[in-house]
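Number of protein chains: 2
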Amino acid sequence: MDNKHTSINLNIRGIGQSPTLRINELSNKLQKEGKKIYRMGLGQSPFPVPVPVVEMLKNHAHEKDYLNVKGLEALRKAVAHFHRQKDNLQIKPENVLIGPGSKELMFLLQLVYYGDIILPTPCWVSYVPQAKIIGRNIKLIHTTFEDKWKLTAHQLEEFLRSENDRFKPRLIVLNYPSNPDGETHSAAELEKIAKVARKYEMIVLSDEIYGQLHYAGKHISIANFYPEGTIVSSGLSKWCGAGGWRLGTFSFPSNFEWLLHPMASVASETYTSVCAPVQYAAVSAFVGGIAIERYLMNVRRILYSLAKKCVEILQNGGIRVHMPSGAFYLFIDFSNFAEKLNKKGINGSPALCEKLLEETGVAILPGSVFMRSEEELTARLAFVNFDGSKALAMSEAIPINEKFPDDFDQHCCNQVIEAVEIIVDWANK
Amino acid sequence: MDNKHTSINLNIRGIGQSPTLRINELSNKLQKEGKKIYRMGLGQSPFPVPVPVVEMLKNHAHEKDYLNVKGLEALRKAVAHFHRQKDNLQIKPENVLIGPGSKELMFLLQLVYYGDIILPTPCWVSYVPQAKIIGRNIKLIHTTFEDKWKLTAHQLEEFLRSENDRFKPRLIVLNYPSNPDGETHSAAELEKIAKVARKYEMIVLSDEIYGQLHYAGKHISIANFYPEGTIVSSGLSKWCGAGGWRLGTFSFPSNFEWLLHPMASVASETYTSVCAPVQYAAVSAFVGGIAIERYLMNVRRILYSLAKKCVEILQNGGIRVHMPSGAFYLFIDFSNFAEKLNKKGINGSPALCEKLLEETGVAILPGSVFMRSEEELTARLAFVNFDGSKALAMSEAIPINEKFPDDFDQHCCNQVIEAVEIIVDWANK
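These protein sequence lines map, in sequence, to chains A and Y. Converting from the first sequence to our numbering requires adding 488 to each position, the first position being numbered 1. Converting from the second sequence to our numbering requires adding 488 to each position, the first position being numbered 1.
Certain hints may be false.
The list treats identical chains as interchangeable, and a pair is accepted whether it falls inside one copy or across any two copies.
What the hints assert, rightly or not - The calculated lysine to any residue pairs, modelled on SDA-like cross-linking and capped at a C-alpha distance of 25 Å, are:
1) Lys680 - Phe713
2) Lys524 - Asp553
3) Lys687 - Ile629
4) Lys520 - Phe655
5) Lys546 - Asn556
6) Lys878 - Asp913
7) Lys843 - Asn824
8) Lys524 - Ile905
9) Lys546 - Pro536
10) Lys620 - Asn556
11) Lys680 - Glu645
12) Lys546 - Lys683
13) Lys620 - Trp746
14) Lys796 - Ile910
15) Lys517 - Lys565
16) Lys517 - His749
17) Lys546 - Ser877
18) Lys620 - Pro657
19) Lys620 - Asn497
20) Lys520 - Glu689
21) Lys620 - Ser495
22) Lys656 - Ile496
23) Lys797 - Glu689
24) Lys523 - Asn556
25) Lys520 - Lys565
26) Lys656 - Glu582
27) Lys656 - His899
28) Lys656 - Leu514
29) Lys620 - Ser515
Hints were generated in silico from the structure; no laboratory data involved.
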């Protein structure tokens, strides 16, 4: 494309030419050539939206009014209730903000708040492009395989001390269970991080969009330890399978009116309010109930079982990976194969993923997309290429206190298993 | 609110404290005190979403996938078809961008395009705050009552010549039929403006969200005269009554890939894609058909009849106003009463609207909100405070080639008539 004679915001030029796009384009090209592609790139829940939530959308299809910019009152109450019941948090409905996806709310936050953005890596793919578009400073803190890709309080404090400015306005984003690695923090770890955040008066954006996909149903929020400085992010996209519906939530501390208010003002000048029928439907998701809990229990045990199976295969094949605590990602490390890969001309994660895709049809995302250095041989695998409706129906037929039969994963999710086996074979070839 | 110790983007501080908000707060306060309020402030269609479109939303309630960032292919085809059929425009589906409201798309456009924003006034309320948030220059061109609040090609050329820089990147926004005045340009006028735009190589954002609410069904797009430089904006909010659903469309010239592409990139880092069930439903709205045409014919004749009635009452009462060509607004001018109002301490539109509301319960928006000078005694009246479903049902019962009975407006829209009579009485008191 010839951009020579055009006039584009310089923060935006070149955005979007990401390795994700390259992997997608290459996938499409190979598929057109007749190659079988295992799509493990996009992080979309494979499960359907729970039936009662879909029914509510139908029942409210005629709702046509512009709703309050901060969100439907019943929904804000339901979100407060959800966090009280699930996370033991005291959130006031008037401090909840509903947006068309938590990604959009995150963008508004970065646009409105004037401060540096601190990101432990590996981190989700959109935080950094957002900061670039707006022109914010990004400070990365790289975690290690040995720490299970988790930021430690010690690391955080070291970094902050090095900046020589205790009260610089800062926003740190913590995402747990995490995209891209499914790891989560223990209560003790969160408490220590909270202590550092409090000392430096940082804002914590706690991205808990995968909280309800903690396999043991035991997600803990850092807002329990730092209620006065934590914004809790959630939404329908992951635990409720409704990514395409576009509904996210931010829950603010009571003393954050100074930030919530201008965010709502910018919302009113941009997306206005979230789709009315979807907001009515979302009430039923956040209020919850037996049907939703049953759905979650089945979703969790399917994901747990599949994660365990994949980790086994990968570890047996020499690929470094931790068993995740939740969500549907594995962050895998090929460093045991570095020498062999280097000989093939593979010197980093983008080349690793391109070569893997070309040679095997398995599409995964390079670690560099998650802000790891390009030389590192890491990648994210989203184990979502299976029929979630079928898996859910099969799981529902098995009493919740019984174990899955040994062939459950093979039966429900054979494409995932096949792809993971292909990865191992390829690495060892 | 104490913002002293907070860190907020300076472009955003103070945004949202608009007269619209003040009028709304005052309305709520007076209503709580037991006063009857005529809400003619918010510009929302009073009509329901057409039945086949609501049915489509129900049928697609289960759709949960993230759709393409630019929009569902079937919808982009339907929008191209719509503009071909309605506006005689040749738009390619691949040049259509779907967003969560045309307001959000407008924001993306201002964010991505680096150029000055030219606005004829009176203009819609959100263009200027968006430019302020992003930090763009705004250049206002004030139109006159005598020109029916329409920008002339001569005015535009004068302004551009005065800037001494022919090829400065510029974006002009034209909105017709217009919010806040319902006026529209003739083909000859558009052709002249197009000639100037071409000479200066300006981008025209043609906001045609009210196009299908042209009373005679004869909306003409400037893209017919300046296809290579016009972006046409539309959406479901006004002609389809679905403001709360949040779906807008931008249709780009074929040579605008340089702009569409980065806008889509920013979309993918913000709202991601538009609500999937709503996109499926919107296909039926843009494809159209007999049910939609019938709906539009009835909506148009109801609005036309009511506009005519209101204009009659206002003009007979000495208030200056033009009969609009479409939409559901009147931009009224109290300058005939300037002396009398000044004596009451009313020296501009904000005071005018506050006093009117306090003394009569009629809530309308001051001309200053639409970027007219504060001293001017203008205001926008949205004649939408009636039961659109009832009016539609009554209109449908009358053959389309027959005239409405004389008491139709009084019967269907008595609150509107009452409020307009109150305004006249108040001005003449």
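I'd like to know which numbered hints this structure contradicts. Please list them from smallest to largest. Numbers 4, 6, 12, 20, 23, 26, 27, 28 and 29 - these are the hints that the structure violates, sorted from lowest upward.
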